[in-house]
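Sequence lines, in order, name chains A and B. Note that my numbering has the first sequence beginning at 1, numbered continuously upward. Note that my numbering has the second sequence beginning at 171, numbered continuously upward.
Read the hints as simulated data drawn from the structure, not as lab findings. Hints are supplied without guarantee of correctness; some may be wrong.
Once the Cα atoms are required to be at most 25 Å apart in a straight line, the calculated BS3-like pairs of lysine-lysine come out as [to be verified]:
hint: 1; chain 1: B; residue 1: 270; chain 2: B; residue 2: 258
hint: 2; chain 1: B; residue 1: 265; chain 2: A; residue 2: 167
hint: 3; chain 1: B; residue 1: 265; chain 2: A; residue 2: 25
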Amino acid sequence: MITSYITIIVGIVAVIAALSTVLQKNPVYSAVSLIVVMVALAVNYLLLNAEFIAVIQLIVYAGAIMVLFVFVIMLLNLGEVKKYKIEATSGRIAGAILTGLFFLQLVVAGFNVTANVPGIERFFIDTKGLDNTKIIGHALFSDYLLPFEVVSIVLIVGIIGAVVLGKKKE
Amino acid sequence: MEITINYYVILSCILFCIGVLGFIIRRNLLICFMSIELMLNSVNLLFVAYSHFLKTSLGLMYVFFIMAVAAAEVSIGLAIIIMLFRLKGTVDMDKLNILKG
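Full structure from sequences and hints, please.
Right, dumping it as structure tokens:
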């Protein structure tokens, strides 16, 4: 009962903070709002019994990625905030209307998904006596070994790319 | 009061559409980039919710991989933004038209 209320409150906080992210004039305020969204989603993950994902969300997203964002905003020193005011041009209004239609379509599509996908039992993992982290660990080093290795290559490419792109030209 | 999967579908759709809206109406590259992060996060929420309600851990694996790819994407994207700022002195998308023919 109390978890239902917490879930709904956290959801409302996430939506308000997300709106604040896209509507703030100052990029620093946007970044802080995005951190609020990510923390709210981490609470949601905890309520959905995904402790490992919740902690990873806090460390990777709210920690690493957002610190990177704030660093870059400070580095670029985007002085004149007025420049980023949102004007209601015709393109923006059309975009907002199209986004609303897209939202309706997403909701309709999401409700038409049935939870009884035929053949999904194949993918069920026996979770008896195991916690979430253990299940992920088992799957990561057996069925998902190749994707795991590929992800390490992606991260290496990311590191090298960031260094090369951020380097000062002589 | 029982929270069903529909609540998470709606919440995820709302967050995703706010991300799309932000990407469309903002001209600041950094805020557009944050909108992309918002969209990725909303998809993660849907994965975790379905993984909980279908009682399988398959969705959690995908969330794990999405987060790793998002981390790499952010580092590359921010490096590109810094490079563009050095080149043009702005992060306004309308002023970045050096590829225009």
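Consistency of the hints with the structure:
Of the supplied pair hints, the one linking residue 270 of chain B and residue 258 of chain B holds, its CA atoms being roughly 14 Å apart against a limit of 25 Å. A distance of roughly 23 Å separates the Cα atoms of residue 265 of chain B and residue 167 of chain A; the hinted pair therefore holds under the 25 Å criterion. With a CA separation close to 18 Å, the supplied pair residue 265 of chain B and residue 25 of chain A stays within the 25 Å bound.
In summary, the structure agrees with every hint in the numbered list given earlier.
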